[in-house]
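Residue strings, one per chain:
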Amino acid sequence: MVKSKRKGAAPPAAQNSYWGRLKKDLKKNKSAYLMFLPVLLFYLAFCYKPMYGVIIAFKNFVPFKGILASPWADHFGMKHFLDFFNSVYFGRLIRNTLTISITNLLVTFPAPIILALLLNEVGHRKYKGMLQTFTYLPHFISMVVICGMVRMFVDHDGFITQMLAHMGIVNGKLSMLSNKNYFVPIYVISGLWQTIGWNAIIYLSALSSVDQELYEAARIDGANRWQQTIHVTLPSIMMTIIMMLILRIGSIMGVGHEKIILLYNPGIYQTSDVISTYVYRKGLLEANWSYAAAVGLFNSVINMFLVVTANKITKKVTDMGLW
Amino acid sequence: MGKKQSIRKGISLLAAGALVAGMLSGCGGKEDAAKTDVAAKSKEGSQSSESSSSKLEKVTYPVKDAGKFTYGMKLAGAWSDRYDSFDALPIGQELETRTGFDMDMVHVEGNQAMNLLLASGELPDVLAYNFQAFYNGGEEKAVQDGLIYPMSEDFVKENAPDYWKAISENPDILKQVKTSDGNIYGFAYIIGDEEAKGGYGLTLRDDWCEELGLDLPETADEFYDMLVAFKEKKGAEVPFCLKSDTLIEMLQRGIVTSPFGLVCADNYVDDGKVVIGYEQPEFKDVLSWMNKLYEEGLLDPNFSTIDDETVKANMLTGKAGASVGAVGGFMGNLLSTNKDVADYSLAGIKNLVSNKGDTPLYGHYNTDVVGIVTAITNSCKNPEDVAKFLNYGYTDEGHMLYNYGIEGKTYDMKDDDLKFSDLVLNNPDGLTPQQVTAEYAMSYTNGPFVSDSKYSYNEDERQTVAKKRFIDNDAKKYKLPRVTITAEDTGEYSSLVSELTTYRDEMIVKFVRGEESLDQYDNYVDTLKSMGVDRVKEILQGAVDEYNKR
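These protein sequences, in sequence, are chains A and B. The working numbering numbers the first residue of the first sequence as 1 and each following residue consecutively. The working numbering numbers the first residue of the second sequence as 324 and each following residue consecutively.
Hints are computed from structural coordinates only; laboratory data are not their basis. Note that beta-carbon positions come from the ideal geometry of N, C-alpha and C, so glycine has one too. Any given hint could be a false lead.
Some chain B residues close to chain A (C-beta under 8 angstroms, calculated; not the full set) [as the list claims (entries may be wrong)]:
hint, residue
1, Ser403
2, Tyr406
3, Asp407
4, Asp410
5, Asn438
6, Leu441
7, Gln455
8, Leu470
9, Ser567
10, Asn625
11, Thr628
12, Asp631
13, Gly814
14, Ser818
15, Glu829
Next up, chain B with everything else stripped away, as it sits in the complex (with noise of 0.2 angstroms):
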């Protein structure tokens, strides 16, 4: 917060100073203070005419007569045990006494009760929600059926200075977070650093591995003898354990499938052209493979059956060796609650290759934005205060806050290094670092900052290994960018989409559990070819020469 003075008395500063430079065009001047104007202006003069100004005009914190504003967010789990809504949590309550708003939350259970209040129409001003995957046709269709209020370029740059800069820094982030027609749809949770794009992938037990004299896997033969190793040796009764979601999921992120020259089970983009990849003759071997871990009893029978906590206590009690899962959420979880057991270690591996010491083809990998996006709507009568409200995430001291919680409280900076206090790492309440932070900070979901995992309360040696190898892959190449379909696809796409998915899904599950047999897998294709693949293709296809074109 450098500059004390109102958005008002900065604007009728600058208003002076581009009178008297005699610069003022529409609403594009928005200048510091008329001191730096002339430097600007010259800048401004080599570059395009149409971005009016490379200075932006800061936003002040408390914004003066801020009000109110509704917002709709989902319950989080991280914290909905302990407080009802959001406003009441240490970070919301800082939130508005930094930002001066005052939030009126409207918490709805999950996806489909969100989906709920869409459909009632009556829309809170501000909406936090994972369009791109739960919304029929993503930002670009939620903007056109007039519930998400697209922000122009210049809006942004008056309103929302700070987060301009976030989002113009990088042309591809600026395309991530556009409509087709130029307009920013909200504002994006950004990951910030390369490592936190990945960082999913196979998790198994390396001291079972050490024990039994074995390397950690690389190839689909070593996993595979590791597996029996496992079965025999260790008597794990269900040597690789994961759910069926999982399982899918595993293949569309193409942990597994590379050591049989299949990128992986989605779409991906392979020189500027969409393949989809559960089409692929490759696929076919990819099911025959885990078809054989099911037979052989490596992969657990009741996969299609099991839920997220059987495949924790299974990976817990030994009965499991290995599994798939993100290096937070599962890798970190399981090692945190057996810290205090012996003889129990996890490593997570980099996905699978044909030859040792080949690259994987393909891993999870995230676009830079990626997740939840606040977005203002329609409903909201003053968009341009609101705006200020979601540009703080984005500043320094935003950073900070929804990244970290509160300086003095959750954590110290000592010589440019971030220590995390007593009430994160020991707190007297008995609470665990992840539900502290969870009150002080918005690291446990997306929200509207960059992420930053530059500093960690409780990362294990082994979790910053894992993430590493996680990423260790050539995902970049072949991923399918944030695309967005023309309003005019996006009914036919997303019907398409939903009925292919459903049938791969059961397929995949069927394929493996051997109820279909694998010499079925051509007429698989043709019903896929018939459930209208290609079309599907066809638009995608539309879709990333766009985006490319952007």
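If we strip away everything but chain A, and leave its shape as in the complex, we get (with noise of 0.2 angstroms):
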């Protein structure tokens, strides 16, 4: 306000300067700015006036006394940051994490794109419907049941324990989800299984944009479909996966808490524990919330370095990026 008034003084100025145009496209887009409003009261009132919250992260939180009359935490605010970092399970939790969700990324970013691209390939198109329909379908189940099954799948008597048990790669016995090094494999395996026919169908709209008129002068070019495929699709859609790559980067410590949780259980913590569900058993089950927030917070600061991060290279590598 103060800066516009006395901007306001010179008024050459004041057309340039960010007040005064604000002003100015108020007065043109006025509709536009009126049907923005809900959005902004939204976002203030959800997003951004809980966040306030999070210095209870800072703070030895007492529900009773509310968030700002609880006493701030020893060491400056820091004990909860402290007490995590110097626990025993700080090097499980991140590993594991890491381990999940990186793999995870591995194996089901690009698996979409290419049952996209392959999807993009068939032909016959009553039979491409059907395969797309069938690919989506586990995305409306939801995840408790797709856990539930999952759990009865891998169950010690479960269809594909004794498929595998015949194979011998397990033992029939005995559950998967019993055995820590089967955890990471059921969790991306089953996490492929929902989610791949749902995320291809933005590439393949992706797809449906992509010029005719490009494939047509790389086959007068000579392009096999192979060749098109490298030349002319994947270009076409770069933008695309690079957007959902950046998107899926900022997610890569936030491992999705309910599907873990669903199928862990204490004997394979080792492998399975993560952080969000250490907040979920800290904050919720132990309600220690102080803590739960610290450990929050510390994931969500590493998610934001993530997001910044892979912007950056993907700018510097592709000349594309989110902002």
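Hey, can you piece these two chains together into the complex? The hints should help.
Next up, the structure:
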């Protein structure tokens, strides 16, 4: 306000200052701003206002006293962070979080692209539609049901366990979820099954907007199907791929806790316990609010860092980025 | 409800009486009527000066101008499929008519939801919750956090005289319902009889034992031999079936630890000294025995992933022949489900020992005050009134209502013997006795009353025997009392304990499954030390000393 007043003294500058331009724009696109208002309010009310609650990570939060009146934690409020860094589980949680999410990323990120490319090559319309429906159906099953099914399939008498046991890969008398080495594969493969079809849709829509003339030109130049894919299709949908990748990298540290909680058991915590499940146990089960908030905040900071870095790198390498 | 007079009348009478006697001091005197004042006074003279009254004013029900209060409790599976809230149940309605209060229920689904409710800071006036188990730091901390309204002795004497009677009769109980600064934190669930404090142990197919010519096992070796026989001769796929939580619970409750010279895998007290059971060298022997059962396929190989339903199903169908559980919820449930199966029988056995005829060192044994406490919160505007409501469970009528339901509906008294009615035993709507009593009484959970298990509608003779066997041990000697951790240690203590138990539980599973060799036991103990197990012991020791001094 002060700024705009001061600048207002010099009319030509006011036209170009931020506030001046905003004012002008507000007048010009009144209705657009009006329509934007609810969205802005939504973000303020549900995304920004609750953020002040994050300060409980630096306090010893006592619900009945409220957030502001709760006493500050020791070590200048950093007690819970230090506790976490010194915890015996710190290394394991970070390792598991990274292992699970990076493996998951490596497998489930390219898979929908490949599926989309393959579907794109299917000529038979009805067959293509059927395939698509089949692959994205699991997306509509709730996570709880999916995990219930997975648990049954890999139980000691489940069909997957029995199938693998016949091939001599696993012990047919044991549930696969009781073996710590199988957790990551189970998690990743079931995730692939659940998400591949749905995630392919976005690439399919990107593929449908590729200019057909480009293919024509490529064919004239003598490119075969494979070369067309490499030189026409992929570059055309690169922007979509990069965008999806950056978004995915942002959630590397945010392995979905619902699925892990539904699948894991204390016997395999060694490979399955991740930061978010730890936060869940600490915060919701043990009511250790401040500690859980500190761990969660730490997690978010790393996520933020990862998104920014991923964006920078892709911008450098491909000249494309989110911002 | 002896006296048909209101509280106010009573108090004015008492004031008059006390004035005449010239003895009114503060809010002390609470006499029934002026007549008895003199007698009581002379009695008081010989007692210490702080117990200002030994005779208490009775609360008359229904309480006049009782009003409304909000009551937070967990939704109980025992009735939640048929009713939405506690005040819609026959017992809830009866409580409202009898006490004159209007309950406004706030139900939450589980402990998680309860923790969220607490975090919201918007508390109901009354809260029934197992603070000891699920609130960080227990009742002591809840009082400190400003959640629970701490009741002074005088407050309780004045507003909940029957509760005061129930807790003051036994100095041990009084210790258990107090915080370290001497206030009473809430209305406790008190276990009324010794046998009800146990009721948890090994449960096995005694019909198989009989058929195979085996005595009920007493030692670890006999138990092992029995499992082998079950597997080889009875074709039990998983002779000893239990899930990992139960396995850890079994070790903590010392069900199978005595043969190896270990009291239990939990914290216990030996001669006033706190001992951490799960870091003792003997625990290694217990684990290697469990590992042996696992390796030989006697213990269910899938114990870490199965659930309660699977355990039950295995026990019912003969896939398993032995498990661990409670005498009612587990054994009773199995027996009643399979009551029409001709060759099916279960027995509860004494906890295992090293030599035949020994008394087990430990077993499941509850403190007098256990589980859910019904506390008045600081949101409550009229704690005096609400205390009168909560007092009802400790009166004679309330005792019967909370334990057995409504006379003439769920039971009838004949010659001092309680007979359950047809409503319970042969319910016209096809409900089980458990379901009916859950609607008319509160015996399905812990509440503001003294439990009473004198009469039972369906207790099998075998359960009665099992109860006696389950309690036949020295647990009383070693049991850690219901201590309170001081406020300054609470945070440290709970975070240490939660990390330690996570680690311990994980390692127990690994040792039993042989994923971690028992040669690594020393490493395990070293890790416990580095995680601060000694500090836990120190804090507990302080709490035990403080408790003994109360």
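Here is what the structure says about each hint:
1. Ser403: violated (19 angstroms)
2. Tyr406: Since chain A brings no Cβ nearer than about 25 angstroms to B:Tyr406, farther than 8 angstroms, the hint is violated.
3. Asp407: Given a least distance of 23 angstroms, the restraint on B:Asp407 is violated.
4. Asp410: violated (25 angstroms)
5. Asn438: The hint holds - B:Asn438 has a Cβ within 8 angstroms of chain A, the shortest such distance being about 4 angstroms.
6. Leu441: holds (5 angstroms)
7. Gln455: violated (13 angstroms)
8. Leu470: Given a least distance of 5 angstroms, the restraint on B:Leu470 holds.
9. Ser567: Holds - the Cβ of B:Ser567 comes within 8 angstroms of chain A, reaching about 6 angstroms at its closest.
10. Asn625: holds (5 angstroms)
11. Thr628: holds (4 angstroms)
12. Asp631: Interface hint status for B:Asp631: violated (14 angstroms vs cutoff 8 angstroms).
13. Gly814: Hint holds; B:Gly814 Cβ to chain A Cβ min 7 angstroms, cut 8 angstroms.
14. Ser818: Since the shortest Cβ distance to chain A is 7 angstroms, the answer is holds.
15. Glu829: Check passed: Cβ of B:Glu829 comes within 5 angstroms of chain A, closer than 8 angstroms.
Comparing the model with each numbered hint stated earlier shows that hints 1, 2, 3, 4, 7 and 12 do not hold.
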